[in-house]
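There are 2 protein chains.
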Amino acid sequence: MWLPLHTVCLRSQTTCRRSFTAALLKLSRHGDNANVSHFSHSARLSAQTCKALLYRRHGDPSQIVKLEEVDLPLIGAKDVLVKMLAAPINPSDINMIQGTYAILPDLPAVGGNEGVAQVIEVGSQVNSLKKGDWVIPKDAGLGTWRTEAVLAEDSVISLPNDIPLLSAATLGVNPCTALRMLSDFEDLKPGDTVIQNAANSGVGQAAIQIAAARGINTINVVRDRPEFTQLSDRLKAMGATHVIKEETLRRPEIKELFKTCPKPKLALNGVGGKSATELLRHLQVGGSMVTYGGMAKQPVTVPVSALIFKDVKVRGFWVTQWKRDHSNDERALRAMLDELCSLIRQGKLMAPACTEVGFRDYSKSLDTAMQPFTSAKQVLIM
Amino acid sequence: MWLPLHTVCLRSQTTCRRSFTAALLKLSRHGDNANVSHFSHSARLSAQTCKALLYRRHGDPSQIVKLEEVDLPLIGAKDVLVKMLAAPINPSDINMIQGTYAILPDLPAVGGNEGVAQVIEVGSQVNSLKKGDWVIPKDAGLGTWRTEAVLAEDSVISLPNDIPLLSAATLGVNPCTALRMLSDFEDLKPGDTVIQNAANSGVGQAAIQIAAARGINTINVVRDRPEFTQLSDRLKAMGATHVIKEETLRRPEIKELFKTCPKPKLALNGVGGKSATELLRHLQVGGSMVTYGGMAKQPVTVPVSALIFKDVKVRGFWVTQWKRDHSNDERALRAMLDELCSLIRQGKLMAPACTEVGFRDYSKSLDTAMQPFTSAKQVLIM
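One line per chain: the protein sequences are A and B, in this order. Residues in the first sequence are numbered consecutively from 43, following my numbering. Residues in the second sequence are numbered consecutively from 43, following my numbering.
Excised from the complex, chain A in its bound form (with noise of 0.2 Å):
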């Protein structure tokens, strides 16, 4: 569970549905024992019909979320017929299908917004794909909780087939946020610090790793738990240049930590209420703080001084907006890829932890990626 969110508030309504699922998805009019033969009017080869993991009202995720039998729809000059690999179940997946997160598409729709496919047949004028290539959402709202989609070859971007399944298939979320709010808001040099909290989720690790990779240290903020050694040891594994627990924050031993790294001229914030409060008070005078989720349920609060007198910078991001924001500019999108592979082809960026899961098991998935301090990332397997 992520964002509390009640009030939504967007660039434009039209904007954030625009590229969901509603286009292609029809739902089989024939059920699930459906016969499909009669769709042989299509020149395609391969399924006219696809498994998609589909809700039909907001809820409970475990509750709602069924297996159904879905048409495909014929491949338009445009667009490809792509077989899905892999898909996460990301905690803004959740709240999308709780109906509290800021898009929501129309109903019914399929899960997922994330997840690594490969082409399987092309349409006539399609350039920048081919049969096998291996492609990615670009935008939030495709869908990818299916076996099979027609998608518009716009909607989707290639990835080199050299890099792990899991890496692929989460690659498009976390670790573009990650390396997004590392990119955007400070001039980080090596020798720089970054302070976090959450530093065990999937944004976390990645920022652990792509900072290490660039030569900035890390402080990394978990909340305590029974394994804390072992989990400072694997996250320190990672690069992480600190580990230390929410408590330790509030006490004079930071100050210790503070004579091997200079002060965060950068604060990542997932968690939200005291928890980015205390971040906030570690910050360099002029250092930026960037939320990206709220998982404490509670707003970011500021004190007044820390503003006026401290010039602390307190920001947000999505990176669905970002990717949005950059619709027209394939180049930046490439780019950001290409350097998460890069780092992913030189053992520095892992995935994280993951628990692949046959597509049929998704509800006990959908409740386990629900529980409080999962290690692990759930995967869907198609």
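Because the hints were derived from the structure by calculation, they are not lab data. The reader is advised that the hints may include incorrect statements.
Copies of the same chain are indistinguishable here, so a pair counts whether it falls within one copy or spans any two.
Heads up, simulated DSS-like pairs for lysine-lysine below, C-alpha to C-alpha not over 27 Å straight-line [to be verified]:
hint : residue 1 : residue 2
1    : Lys297    : Lys231
2    : Lys355    : Lys231
3    : Lys93     : Lys180
4    : Lys316    : Lys287
5    : Lys355    : Lys316
6    : Lys180    : Lys355
7    : Lys305    : Lys355
8    : Lys339    : Lys316
9    : Lys172    : Lys125
10   : Lys390    : Lys278
11   : Lys355    : Lys339
As the structure is a prediction and not an experimental result, all values here were calculated from the model.
Chain A is fixed; fit chain B onto it per the hints.
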């Protein structure tokens, strides 16, 4: 009363104290009845002592600020002797005496950080100033509540003397704060909207007028009070587009208001607490809120969704820091003062409502300045 600062965060303690009064202030060794004739070794024609409002410890201003006679140092080659003409009592002056402000002078100290003085004598190597010039401090900490002062040439900047005395005395803090906040955070164009609370404050009144001169709409939020209509009329006469009570921000009728002007790109926050959160709620997507004061003594609370999905930018502004950041670029300060003086000459920027008080009546003035809902700024006339 302004900022509830207990923990103070500074760029550098050294920097913050660098311009303070210690070097300029030597307590009279002769007490209030000192015979000053033994200072005849000075070539100076004018007074060798001056009267100053001094405090020797932090505490309640009306209890601890005393009118004392203090020695004036000799004028160095790069110094000027000035006669203070008028100096306001600002909230930050009060907080400095209370010991709760972000920068604190060495004690004993002369109160006051703003005001206009006239040059009455110049050192042999002074180039930028001549006798008769009006000057204002370049930085906080000069100790302006005094009759005369010997100041380094480069600690002051000249001002045209064809503007009203009260405008000159109150130019360096509030109008500069308003102008910078309207200039440096969002690219505002004629027809755009700014929303602000504390609209009746010195900064608020300056913001109304500068915005109006630039063709920018202002939505001005004030606390409810018996003479609301009178206040509203006064602010509208200055150029305010709308004047509303705090509670109106939370009511549906606020929507009516946005039929006549676009949603604000910029919010100016002098209050904090709920008031600040309400301003945020009405910002355009991607807009900025700039905090310059915290009258409510409550932090700024920002919903996580506003940061992530509405991309609001939460910032602070402190004119003292701006001046220090630009201390090597006098053109920037000069350009700002020229712009403000031009508006004053055109009748587009009036001083806030002021009560002129004789220098010796300072004690009552300090009391008055500390009352809530003060409708006029106390200005000491020397």
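Results of checking the hints against the structure:
no. : hint              : verdict
1   : Lys297 <-> Lys231 : within (22 Å within a copy, 46 Å between copies)
2   : Lys355 <-> Lys231 : both (19 Å within a copy, 24 Å between copies)
3   : Lys93 <-> Lys180  : within (22 Å within a copy, 71 Å between copies)
4   : Lys316 <-> Lys287 : within (13 Å within a copy, 31 Å between copies)
5   : Lys355 <-> Lys316 : both (17 Å within a copy, 20 Å between copies)
6   : Lys180 <-> Lys355 : between (29 Å within a copy, 26 Å between copies)
7   : Lys305 <-> Lys355 : both (15 Å within a copy, 22 Å between copies)
8   : Lys339 <-> Lys316 : both (11 Å within a copy, 18 Å between copies)
9   : Lys172 <-> Lys125 : within (13 Å within a copy, 82 Å between copies)
10  : Lys390 <-> Lys278 : within (13 Å within a copy, 61 Å between copies)
11  : Lys355 <-> Lys339 : both (21 Å within a copy, 20 Å between copies)
Every hint, counting from the list given before, is met by this structure.
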